[in-house]
Amino acid sequence: MAPKKEFDYFDRPPVRRALWILLFVVCALTVVPDLFTHRHPHFGFDGFVGFYAVFGFAACAVLILLAKLIGKILKVEENYYDK
Amino acid sequence: MTSDFPPAFLLLIGALFVPFFKGRARNWFVILLPAAAFYLITKLPAGESWQVHFFGFDLTFLRVDKLSKVFGYIFTLNATAAFVYAFYVKSSKQHMAALFYIGSALGVVFAADLLSLYFFWEVMAIASTFLILARRTDKALSAGLRYILVHIFGGLCLLAGIVIYISQSGSMRFGAMAEPGLATWLILIGILINAAAPPMSAWLSDAYPEATVTGGLILSAYTTKTSVYALIRGFAGWEVLIVIGCVMTLYGIIYALLENDMRRILAYSIINQVGFMVTGVGIGTAMALNGAAAHAFCHIIYKSLLWMSAGSVLYMTGKSKCTELGGLYKTMPLTLIFGTIGALAISSFPGTSGFTSKSLIIDGAVHEHLAWVWIILEIASAGVFLHAGIKFPYFVFFAKDNGLRPGETNKSMLTAMGFMAFLCIFLGVYPKPLYDILPFEVTYQAYTLNHVIAQMQLLMLSALVFFLFLPLLKRTDTISLDTDWFYRKAAGRIYAAADVGLNAVNRYCEKIFVQGLAAKTGRIIQLGPIELVKTIVLPVRSMLGDDRRSLTNLKIQIGRAFETDSFPMGISAIAAMLFIVLLFLIF
Numbered sequence: 001m002a003p004k005k006e007f008d009y010f011d012r013p014p015v016r017r018a019l020w021i022l023l024f025v026v027c028a029l030t031v032v033p034d035l036f037t038h039r040h041p042h043f044g045f046d047g048f049v050g051f052y053a054v055f056g057f058a059a060c061a062v063l064i065l066l067a068k069l070i071g072k073i074l075k076v077e078e079n080y081y082d083k
Numbered sequence: 084m085t086s087d088f089p090p091a092f093l094l095l096i097g098a099l100f101v102p103f104f105k106g107r108a109r110n111w112f113v114i115l116l117p118a119a120a121f122y123l124i125t126k127l128p129a130g131e132s133w134q135v136h137f138f139g140f141d142l143t144f145l146r147v148d149k150l151s152k153v154f155g156y157i158f159t160l161n162a163t164a165a166f167v168y169a170f171y172v173k174s175s176k177q178h179m180a181a182l183f184y185i186g187s188a189l190g191v192v193f194a195a196d197l198l199s200l201y202f203f204w205e206v207m208a209i210a211s212t213f214l215i216l217a218r219r220t221d222k223a224l225s226a227g228l229r230y231i232l233v234h235i236f237g238g239l240c241l242l243a244g245i246v247i248y249i250s251q252s253g254s255m256r257f258g259a260m261a262e263p264g265l266a267t268w269l270i271l272i273g274i275l276i277n278a279a280a281p282p283m284s285a286w287l288s289d290a291y292p293e294a295t296v297t298g299g300l301i302l303s304a305y306t307t308k309t310s311v312y313a314l315i316r317g318f319a320g321w322e323v324l325i326v327i328g329c330v331m332t333l334y335g336i337i338y339a340l341l342e343n344d345m346r347r348i349l350a351y352s353i354i355n356q357v358g359f360m361v362t363g364v365g366i367g368t369a370m371a372l373n374g375a376a377a378h379a380f381c382h383i384i385y386k387s388l389l390w391m392s393a394g395s396v397l398y399m400t401g402k403s404k405c406t407e408l409g410g411l412y413k414t415m416p417l418t419l420i421f422g423t424i425g426a427l428a429i430s431s432f433p434g435t436s437g438f439t440s441k442s443l444i445i446d447g448a449v450h451e452h453l454a455w456v457w458i459i460l461e462i463a464s465a466g467v468f469l470h471a472g473i474k475f476p477y478f479v480f481f482a483k484d485n486g487l488r489p490g491e492t493n494k495s496m497l498t499a500m501g502f503m504a505f506l507c508i509f510l511g512v513y514p515k516p517l518y519d520i521l522p523f524e525v526t527y528q529a530y531t532l533n534h535v536i537a538q539m540q541l542l543m544l545s546a547l548v549f550f551l552f553l554p555l556l557k558r559t560d561t562i563s564l565d566t567d568w569f570y571r572k573a574a575g576r577i578y579a580a581a582d583v584g585l586n587a588v589n590r591y592c593e594k595i596f597v598q599g600l601a602a603k604t605g606r607i608i609q610l611g612p613i614e615l616v617k618t619i620v621l622p623v624r625s626m627l628g629d630d631r632r633s634l635t636n637l638k639i640q641i642g643r644a645f646e647t648d649s650f651p652m653g654i655s656a657i658a659a660m661l662f663i664v665l666l667f668l669i670f
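So the protein sequences, as listed, match chains A and B.
Using the numbering used here, read the first sequence as starting at 1 and increasing by one per residue.
Using the numbering used here, read the second sequence as starting at 84 and increasing by one per residue.
Just chain B, with the same shape it has in the complex:
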């Protein structure tokens, strides 16, 4: 193997070989593939290679720089852990879908041109759908269909943007997008749909929780984070992203607070966390962009860890609603401990990876003197501890004991969780290895006394509020309406309205035009000439002295003559003559 082989191809080609392995060998194979890809990325020299001339386009499949590498590292690292976790999965289809999905995510990250980026973008959408469908429930099927439709829409926006961009600029290179215009806006919208930015965010919380145990885990990492990558690469410093990111952070919290299903809570908290990254990209300074990349890196780890612990609970109990769970600390202590480490990391508790990465974004806002951005990010930071940091572990492992005694989950799941938990703490205590691989040089020190105290105050008082307000947070067996209402419910209503409304118009039109107007016209055409002849002939005959009886006979004769088209030859000839003369006079 040469040292500059695209890591995407390693997984995509590897996926094709999955069916040839049986049993444990297959599980080991899918663990080794992303591990090998990780090793490959460490060896990739900076630069561009794998340029292919294709139908007049120059595609570049491998662009290696610090930005693509940092995403490459975490994508493959996370994939390895996810496949360790999925050691119990027997279905080769799920493994293949996952490998295609992860492979194409790597393809996006290492692509240097817009066309190959688009190609991998679409493969990602299709492969990921299979991870949802693999659950084989009716809910998963319909959620999967909605998911792919949203992504096809997003993909088309992206494609339209790319086509216009290439025809306008003549360049198909994917780099910093200079000026806002139709092309760049379409590309941005396409990317933001994958980032789950409101109003196109509901697909995430709709689809991910319906996926399989491992499917949800794998999905949580790639689609949104490839978008974050694409935003860093193309849209750094676009101020609109600050607004969108801030909205995402708060939106995620509010919905997660309302949610009952533990995996939907985690789905909403993805939107919240991606909001921090999008804000970082919008701020656009070296520090904030570093923060976005670092936070994506750490987020993938602790979010996977959270999905793993939720997945273990689902795997062992078959339940995922907070109203049905609770009291699991008694029988699943290790899952609790690992899940709590993930929960602390997402809340950026000092000593965990969230603290060393999110601070870069927030201090990025401070350095730019963006007071309102800073306030929203701090509110959101406090809110994260509420909904993900405490709510998730509390309602699943403590709260009301629902009598579930599932026992601890299997060893491969625990191994994967242990590894991710270790990384959360390692990067929280010693962030240097992460800081070293970020796109820009880092001279940042997260651990200052003031910073730690401030963060502890913020988090501990948030915890206090959670427990003081606990009665208000009582779980109910409900879901919350989101923007998917418009295509799940309103679309049905529009159809019904169209059915009732348009069909009424139809009936009305039939009454007026078909039955009324057409029939009348028919009668006029049929009876008009008879009446005309009668009104001309009868007075003339009456003047000539016909009596009443012969006039009545004549009336009947005229009617019959028209009905049977049997006019005396002479009259027909005269009528024809008159008609020709008339035509001659007119024209």
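Chain A on its own, in the form it takes in the complex:
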């Protein structure tokens, strides 16, 4: 064991919990200005409040699920080509 206590700030449970809360708060805060600013939608469908938040969430969720699905078919062992 090293005598000097090492820097492990991000491993501490309270810090991790605080970061989770921070993430949710920041996400919520990004949508707030939409209520007050005058937006210029580029196309017809992108004008509602929090459009980009919904879009980002949906896009990433779909991408991850899609990747997971494709991974079922395409993932092979590390040494696949060496065999």
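Hints may be right or wrong, so weigh each one.
As the list claims (entries may be wrong) - SDA-like mimics (lysine to any residue), calculated; alpha carbons at most 20 angstroms apart, straight line:
#1 A:K83 x B:K557
#2 A:K75 x B:G642
#3 A:K72 x B:L553
#4 B:K402 x A:E78
#5 B:K222 x A:D11
#6 A:K83 x B:G642
#7 B:K413 x A:D11
#8 B:K557 x A:I73
#9 B:K557 x A:E78
#10 A:K83 x B:L553
#11 A:K83 x B:W568
#12 B:K617 x B:G642
Read the hints as simulated data drawn from the structure, not as lab findings.
The hints should help you fit chain B onto chain A, whose structure is shown.
Same frame as chain A, but now just chain B:
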């Protein structure tokens, strides 16, 4: 030195002098060469020079305009930083290969004719292979061989296209390609192979991660970006590029999400980012082309920064798989900070260079009312934050602590990373110097309130999805099949199938033709005349009253006569006579 010396030659000739320097002097020499080339480019007057008449062809080695300059600037700037990073490298061979590679990339960018462009294109392919082989592992060797084969194929497409183009149009100038035809398509395919456009994209994620620490860093910048340059110069507004670019953006994300090796994650994200540029070229408006050039410029910086931080981790720990890394924030905080700046820049976080450059392409799509292109680019922008922006730093520096305590990397690496991180933020906050050197005039303002809010919503919710879906993103010790399967695995299977299939046909044929048919024919030729004679002679003799015993004797005599070719003279003469008469009657 005159003010219009081709910067390519400075590096190519300089490379030859590398072995004459020893130790630190050599490292300083290779840092100063691209720095001098950068200075040279700032002084180059617009116009064309260095025209050489060569075997009936007019070659032009130096075409200076805003487009070639912007790529020249970033190529030399990045090279300088890369050599600072590589200050620990002792091998003069690696330095020479890198200088030849970067020098020929500059050669491509400043060449005004197709032949000299092709020449430098091939030098680039060969020199870059040595950066992969320099790792000296079996994996690197075979990846390097696959790499050069793909590039030889691409080079041949390009050459075939160029030869047809020159013979059809009579011009060898490299400019905007007007009409689609066999020649221009072949040239386009040759360029797109170097841009790592699917299906010919697997070479990149196959080869780059096998290169040395500095080799991977240097490779990540030039091959794909010279292609982007060539596309801007020759194929602006070709709509097929919009489709190809959009496919590239999504393809890069999906594969990067599946990947375990950190340098392979970064390799796939190159394809994703080049996809944005290719789309910009396809849109083809001044704004989108500016965007493609600006994004290439910023991309080289932050992608180098990411490769540098991944390289430092590899250099210090000897590991590059996410499953083996993790928890490095404790001992490599500076590498983490610089890597994160690169990760934010690639995700085009407001305040970084990605935000000021990628927006030009996306707004270029908006201005042309290309709704579906815009949707895909926004999906891809969100996805970039997933795979490169968060996944790379999270799994390498945080996530599960694997007990690695490597300590911070060396000073030259940190210096180079610090410089690149500074540029990422500087160009993100104050993009004017970049906008000023773009090919077309820029009247664009990236920082509007709406734009910043939209981008923040997109990115923060992407981050939320990443952490909510973390169990689905658990790293596994796997690779993902890509199109290289066709030449790495399927080729072996085709060989095996050919071995089994064709050899079976062979055996079958032998049985039928050699053993069956040939033997039968032989027997017919051998025994046929005997039987013929017997069937004619025996009934005649029997009619003449020979008994059974003498007939049997006669049979044996006939057989023996044929076996030994010993016929009575008279019979032979009669047979010959009959044969001649027969011939006479027939003809």
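Hints and how they fare:
1. Our distance criterion of 20 angstroms between C-alpha atoms is broken by K83 of chain A and K557 of chain B, whose separation comes to about 25 angstroms.
2. Pair hint K75 of chain A plus G642 of chain B does not hold up; C-alpha atoms about 74 angstroms apart against a cutoff of 20 angstroms.
3. Restraint check: the Cα-Cα separation between K72 of chain A and L553 of chain B comes to about 17 angstroms, which is no more than 20 angstroms; the hinted pair holds.
4. At roughly 14 angstroms between alpha-carbon atoms, K402 of chain B and E78 of chain A fall within 20 angstroms of each other, so this suggested pair holds.
5. Taking the CA atoms of K222 of chain B and D11 of chain A, the gap is about 36 angstroms. The hint is violated against a cut of 20 angstroms.
6. About 64 angstroms separates the Cα atoms of K83 of chain A and G642 of chain B, which puts this hinted pair outside 20 angstroms; it is violated.
7. About 10 angstroms separates the Cα atoms of K413 of chain B and D11 of chain A, which keeps this hinted pair within 20 angstroms; it holds.
8. This hinted pair checks out: K557 of chain B and I73 of chain A have alpha carbons roughly 17 angstroms apart, not beyond 20 angstroms.
9. Note on K557 of chain B and E78 of chain A: the hinted pairing holds, with a Cα-Cα distance of about 16 angstroms set against a maximum of 20 angstroms.
10. Straight-line distance between C-alpha atoms of K83 of chain A and L553 of chain B comes to about 31 angstroms, which puts the hinted pair past the 20 angstroms bound.
11. Restraint check for K83 of chain A and W568 of chain B: the C-alpha separation of about 13 angstroms stays at or below 20 angstroms, so the hint holds.
12. A hinted pair counts as satisfied when its Cα atoms are at most 20 angstroms apart, and K617 of chain B with G642 of chain B qualifies at roughly 9 angstroms.
The structure fails to meet hints 1, 2, 5, 6, 10 from the earlier list, while all remaining hints are met.
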